[in-house]
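A.B. asks: For reference, the chains in residue letters:
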Amino acid sequence: MIYEIFHILVLAGLVISASLTFWFRDLLAAVLAAGFFSFLISLEFYILQAPDVAISQAAIGAGLSTAIFIIAIRATGRYEGGAP
Amino acid sequence: MILEFVWTHAPALLVAIPLLGAFLCPVIGKISRTTRTAWVAGIMLVSAIVAFILASRVLTEGTVLYSFGAFDPTLTIPMDSGGIPIRIIFTVDAMSAFMDIICATVGFSAIAYSLSAESRNSGLEGYYTLFLLMVCGVFGMVSTGDFFNFFVFLEILSMASAGIIAYRVDGGVAVEAAIKYFVLSSVGAIFVLFAIGIYYGQYDALNMAVIASRIQWSTLDMIALVMLVAALAMKCGAVPMHFWTPDAYSMAPSSATAFLVVASQASLYGLFRVLFTFYNVTLNAATMGWIIIILGVLSMVVGVTMAIPQKDVKRLMAYHAVSQTGYMLLGVGVGLAVLGNQPLMESFGYMAMSGGVFHILNHALYKGLLFLTAGAIFYRIGTRNLNKMGGLGHNMKWTMIFFIIGALAIAGIPPLNGFASKLMIYESVFIFNPVLAIIAMVVSILTLASFVKVFHSIFMGPQLPEYAGVKEAPPSMLLGMGILASLAVIFGLFPDLVVTTLVNPAVHALTDQGAYIASVLGGA
Amino acid sequence: MSKLVRFAADILYPVVLIFGLYIVAHGHITPGGGFQGGAVIATGVALVIVAYGYREVTQWIGKGGLMAREVVGLLGFIGTALVAFIFGMPFFYNYLAGQGGLFGVPVTYGPNPGELNTGGTVPLMNFAVGIEVWGGLALVILYLLSGLVPHDDHEKEGS
Amino acid sequence: MSVLTQTLLTGTGYWNSLAWILGIAVALVIAYLIWARGEAGWKAGTSQTEPFISGNPEPQKRQVHIPSGNLYWGYLEAMKGYYERIVPLHTGDLNDYMTWYLSVMITILVLVVVFA
Amino acid sequence: MDQWLIAVLILGCLMMLAAVRLILGPTGPDRVIAVDTVNTFTIAAMVILGVVYQEIIFVDVAIVYGLLSFVATLYVAKYIGGEL
Amino acid sequence: MIPFLVTTGIAFVGYLILTAGSGTIGLWSPTELIMGIILAVVTGVLTRNFLCRSRDYRLLSPGRLLRLLVYVPGPFFIELTKANLDVAYRVITGRIRPGIIRVRSNLKTDLGIFMLANSITLTPGTLSVGIDEKTNDLFIHNINVGEGDEKKEYIESKDLFTLVNLPSWIRKIAERDREGEVS
Amino acid sequence: MRKIVAGLILGALLITFVAMILPLEFGSPRMSDMDDYFIRYGQEQTGNNNECTAIVFDYRGFDTIGESTVLFTAVIGVGIMFRRFFGGEEVEDE
Amino acid sequence: MLWNLPYLAVVIITVIGLAAILLKKNLIKMMLGINILQSSANLFLISLGYREGGIAPIYTLAPSTHMVLPTPQALCLTSIVIGLATSALMLSFAVIIHKKYGTVDLDQIRRLQG
Amino acid sequence: MAATLDIITSALLGIGVVFNALGVIGLLRFPDLYTRMHATTKATTFGSIFTSLAVIVYGLATFIGKSDTQYLTLAIHAFLAMGMLAFTNAVSAHALARAAHRSGQFPAQAVCDRLAEAKS
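Protein chains in written order, with our numbering: chain A, -5 to 78; chain B, 14 to 537; chain C, 23 to 181; chain D, 69 to 184; chain E, 2 to 85; chain F, 1036 to 1218; chain G, 57 to 150; chain H, 1365 to 1478; chain I, 1298 to 1417.
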C-alpha cells in the first residue's frame, strides 16, 4: 500500500516536472526541471526493477545531459524569446 | 577459400566491413591524403563486392539467413522459447538483395566521385567516416530481420545523414537544413520505438518473421501500423511531409546527396516491409492501398509543380526526387490495393509492383547521376543559381552528355531506364484506375519540361564571359558519373534482364508473406 | 572555479575513475556494464574540465588521445566479435564461455554472488565499450566547449 | 543470352532490346549521312566562326543569354492561383513541418480506424 | 519492515515539496538548490529501497548518483557565475 | 614515481573496499585481487598528476591518517550535530542576522584549506562563499553574525566553532607539526 | 491558428495513446516466452549472472555495436561541426 | 491496484513532449521536448517488461527467481545511448546556428523556404 | 534481536527524516538564497547521513546475525554513498554560493558583506 502510494507520487512528480520543463521560459530553469525529471525517471526505473537502466539514466541524465544543455544555453542564450 | 568464407559469412561482412572502415578512417586520415583515399575507395569496393556476392547467393539459393552468435539452429530457435528466435537474424531475401545492389552501386559511384569533388574541404576524414557509416546503415536496414535492429540502423543512418548534410558549415544554411531533417527524423524514430514497444508487449518478439506470423488486426496493431507508416513515409519524403527533402538535398555535398536518395529509399523499403511482410492480408488492404496511392499522387503532382519555378538547381532536382518517390508509392500502392485478390493481382497487381520496385533502382541511378552532374557544375563555377548559369556546354562536354542521359531518363524518354519502369506503372495503373495513369503521364511531361528548362539554362546559349576559363570536371568525378550513366543506358536497353532476374523475385518476396515466415521459422 | 573546487576535482577524479572501472569490470555480475561505466568515467573527465576550464585541460587531455581511445574501444569491440571467424564460428559467437581459462570458468547455476572470470567474451566487450564511451562522451563535451572559445579562424570567417 | 533479347511484357506494351538497338543504329547511320553531306571548308579562327546577323555587330553574350527565370513565364502566370496557394505552404518553419507530420499521422489513423 | 517504506514515502513527499521551490524560486541559484535537495533525497531513497528489495547491488546506483549529480551542479554553478 | 605509487595504492584500496565480501582470501577472491591490481595501475598511470598535484604526501603518515579518521566521526560530527540543531532552531523561529565576514585561516596547504572550508560549510551556521586565492582567507556567510563581528576586519577561524577547536585539529592533520615552523 | 491546430492534434494523439494503453495490463506481460528462456538458460549459456548484460552483449550483441556506432557517429558529427577551417572553403550562394 | 498508471504517465509525458515540439519556438526548448519524448519511450519499454512482484534479472543471492523481463531493459539501454547521441548532435547544430544566424528562434531560421 | 534492530533503525530513520523535513521547510521559508542554502546543505546532509546510518546498522547487524557477506557489502556501499553525499554536498554548496555571489546576488538583510568590499 505504502509502496504504491510512493510509486504514484513518483509518477505524479514525473508529470509535474515534464510540464515544468514545458512551462518555464527561463531556459536554465527548464534545464533544471529536465534534470529533476531525469532524477525521477531514474528512481522510477529503480522502482520498476531495472538497475542497469537506472545507472545508465543516472549517469546520462544527471551528469552529462545537463552539462551539454548548459553549454548549449551558454552558447545560445538564456531566455526563450529574448531577455525578459 | 576466401570466396567460400565470404560466401558463408556475407551478411555479417556486409555490415562489418563498412563499420571497420569507418572506425579506422579517423586514424588513417591522419597519415596522408593518398592513404585515406585508397582506404576509403578500397573499403567501398570490397563492401560492394560483398554485396554482389550476397545478392548472387540470394538469387541462387533463396533467402539467406545469418544468425549472429550461433551456428546451431537450436540455439537460435530453441525448443522451449515458444518458437521465437532469441538472437538477431539477418534475413536477406530477394528484396533486400535488390536494395543491397542499389546501395553498393550508388555508394561506389558517389565515393569515386567524392574523392576529387570534396578535396577542397577541411575535415575530410569525418566526411568519409560519415559516408561509410551511411553505407553501413543502409546495408543494415535493408538486410536485417530483427525489428529493433532495424531501428538502430535507422538511427545510424539518420544521424550520419544529418552530419553529412551539415558538413559545409559556413553560412549556416546547411546546418539549418540538417537540423530540420534531424529533428523530424528523430521524432519519427521515437514513434518507431513506440511501435516496437507495442509489438513487443503483445507478442514478446522482436523478430520480423515472428511478428508477421502472429499478427492480428487488434487496436494495438492498428496504432503500430499507423506510427510506422507515418514515420517511414516521412523519412522517404511523401508529400505532406516532404518539406525536409528539398532543404536537405540541396544543402548536402553533391556526392552525399546522391547517396541520400538511396538512404530515403531504404526507408521506403522499410515501409514496404511493414506493409507487405508484417500485415499483408490481415491488413485492410484496399484502405491502406488507397492511402499509399493518395500519398503517391500528391507527391508526384506537388513535387513536380514545385520543381518548375525553382532557381536553385539542386533544389529543383530535390523536388523531382519527391515526385519520383510518388511513382514508387503509386505502383506499390496499386499492388497493395488489390493484394488479397489473386486474379486482379495476376492481371495487373504484380506488374504495378514490379514497376514501382524497378523504379526504385532506376531512380537511384538517374537521380544520383543528376545530382552528381549538378555537383560537378557547382565544383567548377561555384554557384547553384540557374539564373547565373549559361553556356557551359562549350566547356563541360562530358558533364553535358551525362546530364542529358539523366534528364531523359527521369523524364521517361525511351530507350533509357526511366521509360521501362514508367511504362510498367502506366499500363498496370491504367487498368486499375485510368485517372491515376493520366496524372502520372502529365507529371512525366512536366518533368520533361522542367528538365528542358534546366538543360537550356545550364548548357545552352552563348558562352558567358565569366565562365570562359571553366574546365571539364576531374576524372574521378567523371568516373563516378560514368558508372551511373552507363548503367542507366544498359538498364534502359535491356530492362528485361533486370526485371526477370532482380525485380520479379523481389516483388514475389515482398508479397509472399508465408515464404518469408517459413524461411525463418522453418516449415509450417 | 575556485581553489576548493579544483582540489575536490583532483581528489574525486581518481575515485570516479576507479569506480567507473569497477562498474565496467563487474558488468556481468552486478548492474552496470561497459556503457554505464564509460559514462561515469566520462563524467569524471567532465568534472576535471569544469574545474579547470577548457584551455588548461586541453593541455593535459588532448582530443587526439580521446579520439584514439574511442577508436581503440570500437576496434576492440568489433575485433572481439571478428575473432570468432578465426575459430570458424559466426560473427559475435561467444567463443570463450564455458571453455575454461580466462573468463571461461563455468558458473554455478542459480542464485550466487558471481565470479569475475565468467562470461566469455562479455567482459572483454564491456571493457571495449567502456573505453569507447569514455573517449566519446568526453570528446563531445570538449568539442561543445571549443565552440564557446573563439578561435582566430572562427572570428575571421564568422562574418 | 536469351534474357538480353527477350521482350519485356508490360501487359500491352512492347519492349524489345534488339529493336531498340537496331533503331539506334539506323538513327546513327542517318546522322552520319547528314553529317557527311556537309562541306569540308570550315576553318577555326577565321571569320567563319562569327555569327552573321544581318550585317549588324554581334551583341554582347550577356544580352543573348536567357536566364532561367524568364523561361516558362507563361506557364507560371497561368498557374498563378495554384502557386499562390502551394508555395506559402513551404514555410521553412520547423513547427509547421512537425504539425504536418503529426496531422498526416492522425489522418491515416482516422482513415484506418473508420474503414477497418 | 514498514519503517523503511514509511521513510521512503516521506522522502518522496519532501521531494515534491522541494519542487515547490523549483517552481517559485525567483532566481537561478534558488532552483539549483531545490534540484540539489531533490537529488540528496533521491540518493537517500535509493539507499533505503535497496534494503526494502533486499538487493545489495542496487546501492551502486545511489553511489553513481552521488558522484555524478555533483558535476551537473558544478556546470550550472559555473554558468551562473559567468565563468563558462 | 611516488605519485604513481600513491595513486595506485589509494585506487587499490578503493577497489578493495568496493568489492569487499566477494571471496575467501580475507574478504576477497583471488580474481578480484588481480583485477584490482590491474585497474589500480591503470588509474595510477592516468591520474597520478591529479591526485598528487601538490606533491604533498603528509597525509600518508599513519599518525595523521589516524587523526583524520578520528576527526570525521569525532569533533566534526559533534559540531555537525550542534549546527543542525541550530539550523532547526532558526528554521522554526526564523530568527536570523546574516552577513558575509572574512575569516583568517592561517592554513597554507590546499588540503588544510579544503578541509576547513568544508567543515565550515557543513558546520555552525556558516557557509563558505569565497576564498582569497593568495592568502587563503575564507569569506563566510554567517546566518547569525555575532554582535560586533561586523565591525571587525576579520575574525579568527577558531572563534567560529564553540564546542571543539576544529582549526587546530585540521592543522594537526594537514599542516606542519609545530606551528612555529609555519612561515 | 497554430495553437488551435496543435491543440487538435495533441488531443487526437492523447486519445490515440490512451487507446494504446487500455488493452495493456501493467504488471503482467501478455506473453513472456522469449524472456523466460533468457531467464532460465541465460546463465548457463553465457556465464553471466546479470541477464541484462547477457542480452546486451551476447544474445543481442549486434544491437550493441550499432549503439556504439551511433555514439561514434554523434562524436564525428559534433567534431565536424566544430572543426577548424582552412582557406578555400566552398562558399554558399543564395 | 496500480492499474495502468505508469502507462498513463507515459501518455501524458509524451503529449507534453510533443506539445513542446509543436508549439515552442526556441530550438533548445524543442530539444528538451525531444529529450522528454525519448525518456517516455524508454519508460514505456520498461513498463512493458515489469512483472508484479518480480526482482531484477540478476542472479545474486536475492530471495526468489521470479524476475522481470530482461529484454526491454536491454533495448532501453540502447535507446538511452541513442537519445544522448541525438541530443549532443542536435545541440551542436543549435550552437552553430546561433553562431551564424545570431538567434535560435525558429521564426528566423527560415532561409530555406519555397 | 530483530525487535531491537527495528527500534534502532526506526529511530535513526526518524531522526534523518525529521532533519530532511527541516531542511525542506527552511528551503521554503527562508528569505534569500544564502540562508536557504544553510538549511538545505546542513540539514539534508545530516538527515541523509542518518538514513544511511540506519541502513549501515541494519546491514552490519544482519551480517553479524546471518554471517552473510552480501549484507556487509550493503553496509559498505551505503557508507560510500553517504561519504560521497557529504563530500559533494559541501563542495557544490560552496561552488553555488560563490557563483551566486559572482552573478551579483547579495545576501538580503545582511549586516556586512566583506566579499563585495574585497572585490571592489
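It should be emphasised that the hints constitute simulated quantities derived from the structure, not laboratory data. Worth double-checking, as some hints may not be accurate.
To be verified - With the C-beta cut set under 8 Å, the calculated list includes, among others, these residues of chain I facing chain C:
#1 I1312
#2 H1391
#3 A1392
#4 R1395
#5 S1400
What the hints assert, rightly or not - Once the Cα atoms are required to be at most 16 Å apart in a straight line, the calculated EDC-like pairs of lysine to aspartate or glutamate come out as:
#6 H/K1389 x A/E74
#7 B/K401 x B/D525
#8 F/K1169 x F/D1145
#9 H/K1389 x D/D161
#10 D/K129 x B/E359
#11 F/K1207 x F/D1091
#12 F/K1186 x I/D1303
#13 H/K1389 x D/D164
#14 C/K25 x C/E78
#15 C/K25 x F/E1191
#16 H/K1464 x B/D183
#17 D/K129 x D/E118
#18 F/K1143 x F/E1182
#19 G/K59 x D/D164
#20 H/K1389 x H/D1469
#21 F/K1143 x F/D1121
#22 C/K85 x F/E1168
#23 B/K410 x B/D525
#24 F/K1187 x I/D1329
#25 H/K1389 x H/D1471
#26 G/K59 x D/D161
#27 C/K25 x E/D3
#28 H/K1463 x B/D183
#29 F/K1143 x F/E1191
#30 C/K25 x F/E1168
#31 H/K1389 x A/E(-2)
#32 F/K1207 x F/D1167
#33 F/K1143 x F/D1091
To be verified - Among the chain E residues that face chain C by a calculated CB cut under 7 Å, a handful are:
#34 L6
#35 L10
#36 Y54
#37 L68
#38 L69
#39 L75
Glycine residues also receive a C-beta, built at the ideal position from the N, C-alpha and C atoms.
A.B. asks: If a hint holds in the structure, say so; if it doesn't, say that too.
C.D. replies: How the hints compare with the structure:
| no. | hint | in the structure |
| --- | --- | --- |
| 1 | I1312 | violated (28 Å) |
| 2 | H1391 | holds (6 Å) |
| 3 | A1392 | holds (5 Å) |
| 4 | R1395 | holds (6 Å) |
| 5 | S1400 | violated (14 Å) |
| 6 | H/K1389 x A/E74 | holds (8 Å) |
| 7 | B/K401 x B/D525 | violated (52 Å) |
| 8 | F/K1169 x F/D1145 | holds (12 Å) |
| 9 | H/K1389 x D/D161 | holds (9 Å) |
| 10 | D/K129 x B/E359 | violated (59 Å) |
| 11 | F/K1207 x F/D1091 | holds (15 Å) |
| 12 | F/K1186 x I/D1303 | violated (52 Å) |
| 13 | H/K1389 x D/D164 | holds (11 Å) |
| 14 | C/K25 x C/E78 | holds (14 Å) |
| 15 | C/K25 x F/E1191 | violated (21 Å) |
| 16 | H/K1464 x B/D183 | holds (8 Å) |
| 17 | D/K129 x D/E118 | holds (12 Å) |
| 18 | F/K1143 x F/E1182 | violated (29 Å) |
| 19 | G/K59 x D/D164 | holds (11 Å) |
| 20 | H/K1389 x H/D1469 | holds (6 Å) |
| 21 | F/K1143 x F/D1121 | violated (30 Å) |
| 22 | C/K85 x F/E1168 | violated (30 Å) |
| 23 | B/K410 x B/D525 | violated (47 Å) |
| 24 | F/K1187 x I/D1329 | violated (24 Å) |
| 25 | H/K1389 x H/D1471 | holds (7 Å) |
| 26 | G/K59 x D/D161 | holds (15 Å) |
| 27 | C/K25 x E/D3 | violated (45 Å) |
| 28 | H/K1463 x B/D183 | holds (10 Å) |
| 29 | F/K1143 x F/E1191 | holds (15 Å) |
| 30 | C/K25 x F/E1168 | holds (7 Å) |
| 31 | H/K1389 x A/E(-2) | violated (38 Å) |
| 32 | F/K1207 x F/D1167 | violated (22 Å) |
| 33 | F/K1143 x F/D1091 | holds (12 Å) |
| 34 | L6 | violated (22 Å) |
| 35 | L10 | violated (24 Å) |
| 36 | Y54 | violated (12 Å) |
| 37 | L68 | holds (6 Å) |
| 38 | L69 | holds (5 Å) |
| 39 | L75 | holds (5 Å) |
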